[in-house]
Every structure is written in C-alpha cells, then in structure tokens.
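Q: Protein chains in written order, with the working numbering: chain L, 161 to 272; chain Z, 128 to 240.
These are computed hints drawn from the structure, not numbers from a lab. Even glycine gets a Cβ: it sits at the ideal position worked out from N, Cα and C. Please note that the accuracy of each hint is not assured.
[Stated by the list, open to error] Ranges between beta-carbon positions, derived for each pair:
1. Z:N206 <-> L:G189: 42 to 52 Å
2. Z:G130 <-> L:I178: 22 to 32 Å
3. L:L171 <-> Z:N198: 13 to 23 Å
4. L:G214 <-> Z:N204: 19 to 29 Å
5. Z:D189 <-> L:K271: 27 to 37 Å
[Unchecked claim] Only some residues are given here: those of chain Z computed to face chain L with a beta carbon under 10 Å:
6. P135
7. G169
8. F191
9. D227
10. P233
[Claimed, not checked] Cut-off 30 Å, straight-line C-alpha distance, at most; resulting in silico cross-link-like pairs (DSS-like, lysine-lysine):
11. Z:K140 <-> L:K216
12. L:K216 <-> L:K227
13. L:K227 <-> L:K264
14. Z:K222 <-> L:K271
15. Z:K153 <-> L:K271
16. L:K162 <-> L:K271
17. L:K162 <-> L:K227
18. Z:K140 <-> Z:K153
19. Z:K222 <-> L:K264
20. L:K202 <-> Z:K222
21. Z:K140 <-> L:K202
22. L:K227 <-> Z:K222
23. L:K227 <-> Z:K140
24. Z:K153 <-> L:K216
25. L:K202 <-> L:K216
26. L:K264 <-> L:K216
27. L:K271 <-> Z:K140
28. L:K264 <-> Z:K153
29. L:K202 <-> L:K267
30. L:K202 <-> Z:K153
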Amino acid sequence: QKEVEQNSGPLSVPEGAIASLNCTYSDRGSQSFFWYRQYSGKSPELIMSIYSNGDKEDGRFTAQLNKASQYVSLLIRDSQPSDSATYLCAVNQRGSQGNLIFGKGTKLSVKP
Amino acid sequence: DAGVTQSPTHLIKTRGQQVTLRCSPKSGHDTVSWYQQALGQGPQFIFQYYEEEERQRGNFPDRFSGHQFPNYSSELNVNALLLGDSALYLCASSKWDLTDTQYFGPGTRLTVL
Numbered sequence: 161q162k163e164v165e166q167n168s169g170p171l172s173v174p175e176g177a178i179a180s181l182n183c184t185y186s187d188r189g190s191q192s193f194f195w196y197r198q199y200s201g202k203s204p205e206l207i208m209s210i211y212s213n214g215d216k217e218d219g220r221f222t223a224q225l226n227k228a229s230q231y232v233s234l235l236i237r238d239s240q241p242s243d244s245a246t247y248l249c250a251v252n253q254r255g256s257q258g259n260l261i262f263g264k265g266t267k268l269s270v271k272p
Numbered sequence: 128d129a130g131v132t133q134s135p136t137h138l139i140k141t142r143g144q145q146v147t148l149r150c151s152p153k154s155g156h157d158t159v160s161w162y163q164q165a166l167g168q169g170p171q172f173i174f175q176y177y178e179e180e181e182r183q184r185g186n187f188p189d190r191f192s193g194h195q196f197p198n199y200s201s202e203l204n205v206n207a208l209l210l211g212d213s214a215l216y217l218c219a220s221s222k223w224d225l226t227d228t229q230y231f232g233p234g235t236r237l238t239v240l
C-alpha cells in the first residue's frame, strides 16, 4: 500500500514567519510531487509542483524535494493569516499515471 | 477561461438510492479524474477517464461507475448508497500528456441519511 505521510498539525506560526510543512512518501518510483492548499469547506487548489531534487521557488512558496530520503517539503515565507488552511501533499504512483496519492494534510494557522 | 465545474453543489440521499454527479473539465483539458474526500482525510482516487474510457481505477467497489462524453465532460454514478459514501466528491481535470497535474473543481458534498 503506497502511503504519503504528513503531520496533521495544527501548525501555528506568527504572521511574517516562515511556515515549514513536511511530507514523506513510500513509493521510491514516484516522480511527480504536488502541494495543494485547501480552505475549510472548499476544494484543493494546486499551488506547487516539483519533479527534480532540489528547490523550486514560486513567490513566497518554495518546494523542496529529496528523492533519496523520500521527502518533500513546502516553505511559506512571510506567512499571512490568509495562508491559514490545510496543505495536502500529493505524489504520483510509479506505473499508475494520473492516480495521485494524497496525505491527510497539515492544518496551518497563521496568527496575526 | 472557465475552470472545472461540478454539479450539483450539495446532495442529500437516503441509503440504497442512486446518485449521479457531473463534471466539466477546464478548457483545453481532455482527462477527468474523480476523488472521494471523507472528513479529515485526503482525497482518494476513484477512477480516471480519457477518450471516453476508464483508464485507471482505485480501490472502490463496482457500485462506483463513470462515463465520459465526447465533449470531455464526465459523470460519476454511485449505486446502492451506504452511509459511508457521505463525502466530498471531487473532479479533477488535466491534459492526458500531463495527467498528474490535476486541477480540482469545487466538489459535490454528498450526504447519505
């Protein structure tokens, strides 16, 4: 059973701080990694994708991937109260194109 | 550019009934995937449609079936509803050659009483 693990939180950070969200996955053959943001009562919104080891930056968001450690993370710089949401990590399955495996999500709370 | 649309927004059914949920993908997308998200959980993959055929299927019983139409829109059908089928049903659209990059619609909240 392929798994994606996330700390459920809640993770609480003050406004302006860096929020660090982590995710581990079990399938060594996974090649595509995604972060989704989900506000309460809403559907997931794709915010980052990463495919190669290293860092990928997009505005205040940085995704980090380490395939050897089977670890992917999301950093949110200058956190804002509007970033308060549940962040879902999703990983593809080797040989199963389009079937994304999601973690349960980490709930982030940014305090003003 | 229209995003992914789903209907209805909410639905209440009783055990044993059947339900049909609908999805239209983003403009330019040809692939539709369906997910079930129970409260407090991440989405779980049900199945994926491309060229009007089911291409991938997750660990869901045959009570869950689907269809894709020539205009790429899709339906999810669930028969013999159980209380445990209560969840948010999400449609995700993508291009077949980038099928892992999926964009979700607003979802349909199904409540089974």
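Q: Now look at each hint and say whether the structure bears it out.
A: Going through the hints against the structure:
Z:N206 and L:G189 have their C-beta atoms about 34 Å apart, which leaves the hinted 42 to 52 Å range violated. With their beta carbons about 30 Å apart, Z:G130 and L:I178 fall inside the hinted range of 22 to 32 Å. A C-beta distance of roughly 42 Å is found between L:L171 and Z:N198, which places it outside the suggested range of 13 to 23 Å. Checked against the hint of 19 to 29 Å, the pair L:G214 and Z:N204 fails, with Cβ atoms roughly 43 Å apart.
Hint check: Z:D189 to L:K271, Cβ distance near 47 Å, so the stated range 27 to 37 Å is violated. At its closest, the beta carbon of Z:P135 sits 14 Å from a beta carbon of chain L; the interface hint therefore is violated under the 10 Å criterion. Taken as an interface hint, Z:G169 checks out: its beta carbon lies about 3 Å from the nearest beta carbon of chain L, inside 10 Å. Restraint check, Z:F191 versus chain L: the minimum CB separation of about 15 Å is more than 10 Å; hint violated.
A distance limit of 10 Å between C-beta atoms decides the matter here; for Z:D227 the minimum to chain L is near 4 Å, and the interface restraint holds. A cut of 10 Å between beta carbons decides the hint on Z:P233: the least distance to chain L is about 5 Å, and the hint holds. For the proposed pair Z:K140 and L:K216, the alpha carbon gap of about 44 Å is over 30 Å, so the pair is violated. The hinted pair formed by L:K216 and L:K227 meets the criterion: a straight-line CA distance of about 14 Å does not exceed 30 Å.
A C-alpha spacing of about 20 Å is found between L:K227 and L:K264, which places the hinted pair at or below 30 Å, so the restraint holds. Annotation: proposed proximity of Z:K222 to L:K271 is violated, straight-line Cα distance about 38 Å (limit 30 Å). Of the pairs offered as hints, the one joining Z:K153 and L:K271 is violated, with about 35 Å between alpha carbons and a cut-off of 30 Å exceeded. Distance hint between L:K162 and L:K271 is unfulfilled; the C-alpha atoms sit about 35 Å from each other, more than 30 Å.
Simply put, L:K162 and L:K227 have alpha-carbon atoms about 15 Å apart, close enough for the 30 Å limit, and the pair holds. With a C-alpha separation of about 28 Å, the suggested pair Z:K140 and Z:K153 falls inside the 30 Å cut-off, and the hint holds. Among the hinted pairs, Z:K222 with L:K264 is consistent with the structure: their alpha-carbon atoms are about 25 Å apart, no more than 30 Å. With a CA separation close to 23 Å, the supplied pair L:K202 and Z:K222 stays within the 30 Å bound.
Taken as a hint, the Z:K140 and L:K202 pair is honoured in the structure, with Cα atoms around 21 Å apart against an allowance of 30 Å. Distance hint between L:K227 and Z:K222 is fulfilled; the C-alpha atoms sit about 25 Å from each other, no more than 30 Å. A distance of roughly 44 Å separates the Cα atoms of L:K227 and Z:K140; the hinted pair therefore is violated under the 30 Å criterion. For the proposed pair Z:K153 and L:K216, the alpha carbon gap of about 26 Å is at most 30 Å, so the pair holds.
Of the supplied pair hints, the one linking L:K202 and L:K216 holds, its CA atoms being roughly 26 Å apart against a limit of 30 Å. Our distance criterion of 30 Å between C-alpha atoms is met by L:K264 and L:K216, whose separation comes to about 23 Å. Distance check on the hinted pair: L:K271 and Z:K140 sit about 39 Å apart at the alpha-carbon level, beyond 30 Å; violated. Annotation: proposed proximity of L:K264 to Z:K153 holds, straight-line Cα distance about 26 Å (limit 30 Å).
With a C-alpha separation of about 14 Å, the suggested pairing of L:K202 with L:K267 holds against the 30 Å cut-off. Taken as a hint, the L:K202 and Z:K153 pair is honoured in the structure, with Cα atoms around 18 Å apart against an allowance of 30 Å.
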